[in-house]
Structure formats: C-alpha cells, structure tokens
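One line per chain: the protein sequences are A and B, in this order. Under this note's numbering, the first residue of the first sequence is numbered 1, with each subsequent residue one higher. Under this note's numbering, the first residue of the second sequence is numbered 1, with each subsequent residue one higher.
Quick caveat, the hints were computed from the structure, so don't treat them as lab data. These numbers come from a predicted model, not from an experiment. Among the hints, a few may not be true.
Heads up, the list lumps identical chains together, so a pair's fine if it works in one copy or across two of them.
Calculated pairs, SDA-like style, for lysine to any residue (alpha carbon to alpha carbon, straight line, at most 20 angstroms) [unchecked claim]:
#	residue 1	residue 2
1	K119	S72
2	K25	G109
3	K126	Q39
4	K71	G45
5	K35	I124
6	K119	R54
7	K122	I7
8	K126	Q63
9	K119	D78
10	K71	W111
11	K25	Y103
12	K8	Q112
13	K35	K126
14	K8	Q110
15	K122	C77
2 protein chains.
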Amino acid sequence: MHFSDHIKWNNDGLVPVITQEFNTKQVLTLAWMNKEALQLTMETGHAVYWSRSRQKIWHKGEQSGNQQQIKSIRSDCDNDAILIEVIQKGGIACHTGRHHCFYQQLIDGQWQTTEPVLKDPKEIYK
Amino acid sequence: MHFSDHIKWNNDGLVPVITQEFNTKQVLTLAWMNKEALQLTMETGHAVYWSRSRQKIWHKGEQSGNQQQIKSIRSDCDNDAILIEVIQKGGIACHTGRHHCFYQQLIDGQWQTTEPVLKDPKEIYK
C-alpha cells in the first residue's frame, strides 16, 4: 500500500495538518495537504501544503524563505489528521510576521492579540 | 460582537480544533467544534466538541471520564482554526487507550505505531 492511501482524504481530497515546532513544541500553524503535497513533503524533506485560498501547491517559504524542515510525520487514530514536527527557518511561521499563527487568545470573552510581530510582512514578502 | 462571530465557521458550521496538553505541550487530538460546542467549552471550562461521526455535541470524557480542563483558547490568523491547551484527566486522550491520537509515524515510507496502549478500551468504555 502506498503511504498516502493510509490517509482518509476529505471530500476535497485534503487532510488538515498540524505543524509543531520541534524544539519549542509550539503549534505554529494549521494547514492542509493533498496527496501531491504529502508526496512532495516526503521527497523534499520540507513542508509542502495545498493552499486553499490560492488553490495550488504551496512550498512553505517559497516567497518568505521561511521553510520548514521536516523532523517527523504522524497520523491520528482515524487517519484523517496529520501532525508534523518541523524546524522553522527564520523563526517566523505566520504571514503576519509572527512566530506562529495562534496569536489571538480568548480572555474574558474577548479575543486579544498576545504575540508580537517580529518582522513587517512588507519586509518578508518583497 | 459575540466571541463566536470572530470564528470563520466552515460550510458545515465547524472549525478544526487542535488540543494540546498544557504540561507536556504534546498535541493530543484534532477535533471539531460548532458554535454551541465553543460556547459550552467556555461555560463549563472543559472541552466540548462536535462529533462528526455521531453528529452530536460531545462532552469529551462523558463516557471515559477523561475530561479536558481548559487552560487557554486561541485562534489563528485566518480565524479558521482553534488551538486549546488542556489538562488531560486520566492521561488518556485517544479512544484507543493511548495518551494521544498521533501514534502512527511515517518512517521510511511505512506507517509505524510508536505509542503504547495505556488502558484497554474495553476498560475505558464499559
């Protein structure tokens, strides 16, 4: 069996992928892969996703340079979610210039921004 | 604005929820919430999900006793994913009796089970 046949792809042919930083264990992003993205991730050793907004294969860091080197790939009990551990190049995973995407926290019924912008996105995406 | 209006619910009215163990930073599960589940999570202080297989509200631990006490609730840059930190009662988050659900690792093109069963599911779901 091909390793991608193990995954239960959803109706759009995608699977949600949790990306966790290897060193800090911080959850950086939730993104999506299709079969081709998983295959390319395996082949290149760097995270490759399916961009739902742009509807195309997305080599993470292709514009920003902030690539994610793969340390492990795991699937869950239902085989409908993937967890990868990565080394985050440049220390910035989020397109807003923050370390990770989960920078809004629900505190007393209000969403509050709890993480600083480390680099101006205009500088990242020149 | 009600805090749930901040979330971009998908076409099924759901959002993917990453659940991370507060103490160990291990990713335990990927599950889903609808508005009601998020509201109940806020109100009860324990994780409440939407079960896609059973199509109903799922108070985590309602059968097993393995509840998840909420430590934080975060959303990502696109507001279409949630990350919660929890204290996992009983040390078992997975219905297979394992600590967490991501117990299969892709190694040399093969999915291998890397986590032990801590408790027989027959004992958990009596």
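Review point. Should K122 paired with I7 be assigned to within, between, both, or neither, using CA atoms and 20 angstroms as the limit?
Key: neither (37 angstroms within a copy, 26 angstroms between copies)
Review point. Checking K35 and I124: alpha-carbon separation at most 20 angstroms within a copy, between copies, both or neither?
Key: Neither. Shortest intra-copy (28 angstroms) and inter-copy (35 angstroms) distances fail the 20 angstroms Cα cut-off.
Review point. Under a CA distance limit of 20 angstroms, which applies to K119 and R54: within one copy, between copies, both, or neither?
Key: This pair counts as neither: shortest intra-copy Cα distance 23 angstroms, inter-copy 44 angstroms.
Check your understanding: 20 angstroms Cα cut-off: does K126 pair with Q39 within a copy, between copies, both or neither?
Key -> neither (29 angstroms within a copy, 41 angstroms between copies)
Check your understanding: Which holds for K8 with Q110 at a C-alpha limit of 20 angstroms: within a copy, between copies, both or neither?
Key -> between (36 angstroms within a copy, 16 angstroms between copies)
Point to revise | Up to 20 angstroms CA-CA - G109 versus K25, copy category | key: neither (27 angstroms within a copy, 24 angstroms between copies)
Review point. Under a CA distance limit of 20 angstroms, which applies to K25 and Y103: within one copy, between copies, both, or neither?
Key: both (15 angstroms within a copy, 16 angstroms between copies)
**Study point:** Alpha-carbon proximity context of K8 and Q112, limit 20 angstroms
**Key:** between (35 angstroms within a copy, 17 angstroms between copies)
Review point. When no copy is named, should K119 and S72 be tagged within, between, both, or neither for a Cα gap of at most 20 angstroms?
Key: For K119 and S72, the Cα distance exceeds 20 angstroms both inside one copy (28 angstroms) and across copies (26 angstroms).
Exercise for review: Pop the pair K71 and W111 into one bin, within, between, both or neither, using alpha-carbon distances up to 20 angstroms.
Suggested key: between (32 angstroms within a copy, 15 angstroms between copies)
Check your understanding: When no copy is specified for K119 and D78, does a C-alpha distance of 20 angstroms or less occur within a copy, between copies, both, or neither?
Key -> Between copies only: 18 angstroms across, 38 angstroms inside.
Practice item. Using 20 angstroms as the alpha carbon limit, work out where K35 and K126 are close: within a copy, between copies, both or neither. Key: This pair counts as neither: shortest intra-copy Cα distance 30 angstroms, inter-copy 38 angstroms.
Hint check: violations occur at hints 1, 2, 3, 5, 6, 7 and 13; the rest are consistent with the structure.
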